[in-house]
Amino acid sequence: MKVKAKFENNKVEVKLLVKHPMDTGLQKDKKNGDLIPAKYIQELSCMHGDKLVFLANFGRAVSKDPYLAFSFSGGKAGDTLILKWFDNLGDNEETKVVIK
Amino acid sequence: MKRRIYLTLALASCITVTTSTFADPVSDNETIRSYFSDKFPDIALEDLVDGVYAIDKDSRDQWLQIEEFPPYEEAISKGEKLFTTPFTNGKSYAGCFDNGGISIKQNYPYFDTEKSQVVTLEQAVNNCRIENGEQPLPYGKGAIAYITSYMASTSRGELINVTIPNDAAKAAYEEGKQFFYSRRGQLNMACATCHMANAGKRLRADILSPALGQVSHFPAFRFKWDDVGTIQRRYAGCNTQIRAKPFELQSAQYRNLEYFHTYMSNGLAINGPGTRK
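Chain order of the listed sequences is A and B.
Going by numbering that gives the first Met the number 0, the letters in the first sequence line up with residues 0 to 99, in that order.
Going by numbering that gives the first Met the number 0, the letters in the second sequence line up with residues 0 to 276, in that order.
Think of the hints as simulated: they come from the structure by calculation, not from any bench.
Just so it is clear, the structure is predicted and the values come from calculations on it, not from any experiment.
Hints should not be assumed to be uniformly reliable.
Said to hold, decoys possible - Quick list of in silico lysine-lysine cross-link-like pairs, DSS-like style, CA-CA up to 30 Å: (1) B/Lys80 with A/Lys14; (2) A/Lys30 with B/Lys56; (3) A/Lys30 with A/Lys83; (4) A/Lys95 with A/Lys1; (5) A/Lys63 with B/Lys90; (6) A/Lys18 with B/Lys244; (7) A/Lys5 with A/Lys99.
Said to hold, decoys possible - Negatives, chain B to chain A, calculated, CB over 10 Å: (8) Arg128; (9) Arg183; (10) Asp225.
Quick reminder that beta carbons are idealized off the backbone N, C-alpha and C, glycines included.
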């Protein structure tokens, strides 16, 4: 995950780009005709301390390498955010970012 | 005033000696520049290197958001790694190019007066490989595009400076120009149909980019390709889209076209690799 978090105008603006194939499970491998198994993010969350400030529930319709942008109030420069995603196969990734 | 200085610098950097009474590359460029300043009076010509993003605000806003995490970053790092890795014989790409291959893309394509043909940067990379006992890379995408993406990134801000050194070069330029303006394919369209006459207008969901400033951001990361690709990869794609049989990548036709197409943008700054649909 590449994440940028900035505090401006009394809000924290967060932008992120997740590297994930987001395979729907409905496409076929061009070489052998087999179905490419579904692998897509189902949940993506952002914690600010012990507060959940953002939660997204994705389905298979979200495209490869999802880009998200959201904002929340109550944070300030120097605070740490923890972003985490889980996919349908149980894989996950966690990234920490400091608000600028 | 600023545009005048810009034009003068651009023209000064490509003085040619020619015996023909018309069809002179310098005046071609003047004509093209006046055409586009009339068409887009509120846009500075040097900003046309951003193509559609200089013309349409909504597209520009989306592009600026995407540029927060530039999709071509990976291509540049892969390219840098490939460029700096020595060949089996111990030599490297740096040995084949002026200035070690750094910040030179603005001079390509160039006309090789000994071989009497246009040489593109991708060709020069493969010539380097062959001279050093390595297999040439396939054109259009993959390693060749990563390498020239890296090389383009080192040229950012440098002004395009394609020269026409002799009559044979001028003939190659003229062939490229002919290609650009000739209709082809089942849809019977020329490059100029979309990128001169209809630049700025919509073609289904897309806005047509102007030919002036088009080459500056190549190799380009296109979402359609989900990767970077060279300008000639796009030529082949465009020809296919108008239902014409595409030419081979690095064929004389495409090299001459690239020569004309890049000369057109002399004086504009390299800003590749760029992001496009």
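Against the structure, the hints come out as follows:
no. : hint                  : result
1   : B/Lys80 with A/Lys14  : holds (28 Å)
2   : A/Lys30 with B/Lys56  : violated (42 Å)
3   : A/Lys30 with A/Lys83  : violated (34 Å)
4   : A/Lys95 with A/Lys1   : holds (10 Å)
5   : A/Lys63 with B/Lys90  : violated (39 Å)
6   : A/Lys18 with B/Lys244 : violated (36 Å)
7   : A/Lys5 with A/Lys99   : holds (5 Å)
8   : Arg128                : holds (28 Å)
9   : Arg183                : holds (30 Å)
10  : Asp225                : violated (8 Å)
When the structure is compared with the earlier hints, violations turn up for hints 2, 3, 5, 6 and 10 and for no others.
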